[in-house]
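Please put together the full structure from these sequences, using the hints given.
Read top to bottom, the protein sequences are chains A and B. Per the numbering used here, residue 7 is the first one in the first sequence, and the count goes up by one each step. Per the numbering used here, residue 7 is the first one in the second sequence, and the count goes up by one each step.
These are calculated hints, taken from the structure and not from any lab test. We treat Cβ as the ideally placed atom computed from N, Cα and C, and that holds for glycine. Don't take each hint at face value.
Result set (DSS-like, lysine-lysine): computed pairs, CA atoms no more than 30 Å apart in a straight line [stated by the list, open to error]: (1) A:11 - B:10; (2) A:25 - A:10; (3) A:10 - A:41; (4) B:45 - B:56; (5) B:56 - A:11; (6) A:66 - A:137; (7) A:11 - A:45; (8) A:10 - B:11; (9) B:10 - A:10.
Derived DEER-like restraints, expressed as beta-carbon distance ranges [as the list claims (entries may be wrong)]: (10) A:73 - B:110: 43 to 51 Å; (11) B:110 - A:132: 42 to 50 Å; (12) A:125 - B:10: 21 to 29 Å.
If you want a taste of the chain B side facing chain A, the calculated C-beta under 10 Å gives, among others [stated by the list, open to error]: (13) 81; (14) 83; (15) 87; (16) 114.
2 protein chains.
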Amino acid sequence: MLSKKSQYAFKALTYLSEKYEQGPVLISEISKKKKIPLKFLENILLELKKAGILDSKKGKGGGYFLQKAPDQITMATVIRLINGPISMLPCVSLYFYERCSNCNEKVCGLHDMMVEVRDATLNIVDNRTIKDLLVNGRG
Amino acid sequence: MLSKKSQYAFKALTYLSEKYEQGPVLISEISKKKKIPLKFLENILLELKKAGILDSKKGKGGGYFLQKAPDQITMATVIRLINGPISMLPCVSLYFYERCSNCNEKVCGLHDMMVEVRDATLNIVDNRTIKDLLVNGRG
DNA sequence: TATAAGTCTATAAAGTTGGTGGGCTATATT
DNA sequence: AATATAGCCCACCAACTTTATAGACTTATA
Numbered sequence: 007m008l009s010k011k012s013q014y015a016f017k018a019l020t021y022l023s024e025k026y027e028q029g030p031v032l033i034s035e036i037s038k039k040k041k042i043p044l045k046f047l048e049n050i051l052l053e054l055k056k057a058g059i060l061d062s063k064k065g066k067g068g069g070y071f072l073q074k075a076p077d078q079i080t081m082a083t084v085i086r087l088i089n090g091p092i093s094m095l096p097c098v099s100l101y102f103y104e105r106c107s108n109c110n111e112k113v114c115g116l117h118d119m120m121v122e123v124r125d126a127t128l129n130i131v132d133n134r135t136i137k138d139l140l141v142n143g144r145g
Numbered sequence: 007m008l009s010k011k012s013q014y015a016f017k018a019l020t021y022l023s024e025k026y027e028q029g030p031v032l033i034s035e036i037s038k039k040k041k042i043p044l045k046f047l048e049n050i051l052l053e054l055k056k057a058g059i060l061d062s063k064k065g066k067g068g069g070y071f072l073q074k075a076p077d078q079i080t081m082a083t084v085i086r087l088i089n090g091p092i093s094m095l096p097c098v099s100l101y102f103y104e105r106c107s108n109c110n111e112k113v114c115g116l117h118d119m120m121v122e123v124r125d126a127t128l129n130i131v132d133n134r135t136i137k138d139l140l141v142n143g144r145g
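Written out as structure tokens, the structure reads:
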């Protein structure tokens with residue numbers, strides 16, 4: 007399941023997409039409009055910034071804004087950053103791989119099945135962007 | 007990600023599948039062979055029993071055994087029981103549905119996308135059983 | 001009735017999640 | 001230069017979940 011933090015991140019990104027190329031947006035504005043706890047949102051936005059998804063400006067007239075176009079930010083990137091692995095097992099993860107302790111990946115039925123699930127999921131989240139979150143005034 | 011508990015459950019079910027219709031198997035035997043903490047395994051097996059997946063016999067000569075054939079126990083059933091929702095959001099879950107707090111499902115891009123992910127995942131885990139976990143002496 | 005083996009209840013350590021508080025730093029304006 | 005604005009950073013915390021463990025209880029068999 008996606009954490010609440012991830013859901014907040016998507017709401018914030020949706021909001022910032024609507025304001026894309028319209029200058030910096032205040033954290034407090036996003037917090038208010040999307041009903042996200044201010045300080046928690048602060049952490050999330052900072053994380054998105056450090057990952058190169060957002061950028062910010064300090065001082066008066068400052069705020070946060072998208073660093074790339076909405077259709078250049080994939081769902082997979084955001085999920086991995088804020089939520090963690092997309093795979094159901096560490097041993098099938100592409101970005102968070104960890105060896106299985108008590109089983110041999112090469113002869114593990116569960117492994118094979120989870121690879122399938124991973125690929126089916128990636129097929130969607132790798133090919134969708136946050137632009138897809140705001141079709142027809144949605145969000 | 008699947009919890010350690012889920013992985014233990016699958017290992018135990020794999021082992022019990024190999025011994026299907028060969029009489030009760032001791033918890034301690036499964037624990038030893040699959041390297042699963044005994045008391046933890048106890049809880050897991052009991053849960054699987056209460057869900058009608060396993061059955062047991064007490065006293066001497068007792069133990070656990072599959073209540074259905076391995077190919078009659080879907081992955082989805084076990085995951086939902088031991089791990090929880092398969093969906094990435096409560097608002098798209100079929101078995102653990104919960105309404106979204108601050109968004110309208112009918113006009114939510116994230117919702118729509120997560121429905122896709124759910125269906126792609128279900129398409130696999132609904133059509134695989136624990137029999138598929140033990141192809142060619144695997145496990 | 002002794003023993004084997006599952007069942008039930010309770011507890012607890014460790015880690016994760018969701019959230020807060022307060023001070024620091026950079027920027028714009030006057 | 002002073003001040004106000006707004007993001008940055010650090011530290012902490014309560015609640016919950018995960019991963020167990022301990023011990024007493026029940027039931028079946030020989």
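Results of checking the hints against the structure:
| no. | hint | verdict |
| --- | --- | --- |
| 1 | A:11 - B:10 | holds (23 Å) |
| 2 | A:25 - A:10 | holds (23 Å) |
| 3 | A:10 - A:41 | holds (12 Å) |
| 4 | B:45 - B:56 | holds (17 Å) |
| 5 | B:56 - A:11 | violated (34 Å) |
| 6 | A:66 - A:137 | holds (29 Å) |
| 7 | A:11 - A:45 | holds (12 Å) |
| 8 | A:10 - B:11 | holds (23 Å) |
| 9 | B:10 - A:10 | holds (22 Å) |
| 10 | A:73 - B:110: 43 to 51 Å | violated (29 Å) |
| 11 | B:110 - A:132: 42 to 50 Å | violated (27 Å) |
| 12 | A:125 - B:10: 21 to 29 Å | holds (24 Å) |
| 13 | 81 | holds (7 Å) |
| 14 | 83 | violated (14 Å) |
| 15 | 87 | violated (15 Å) |
| 16 | 114 | holds (6 Å) |
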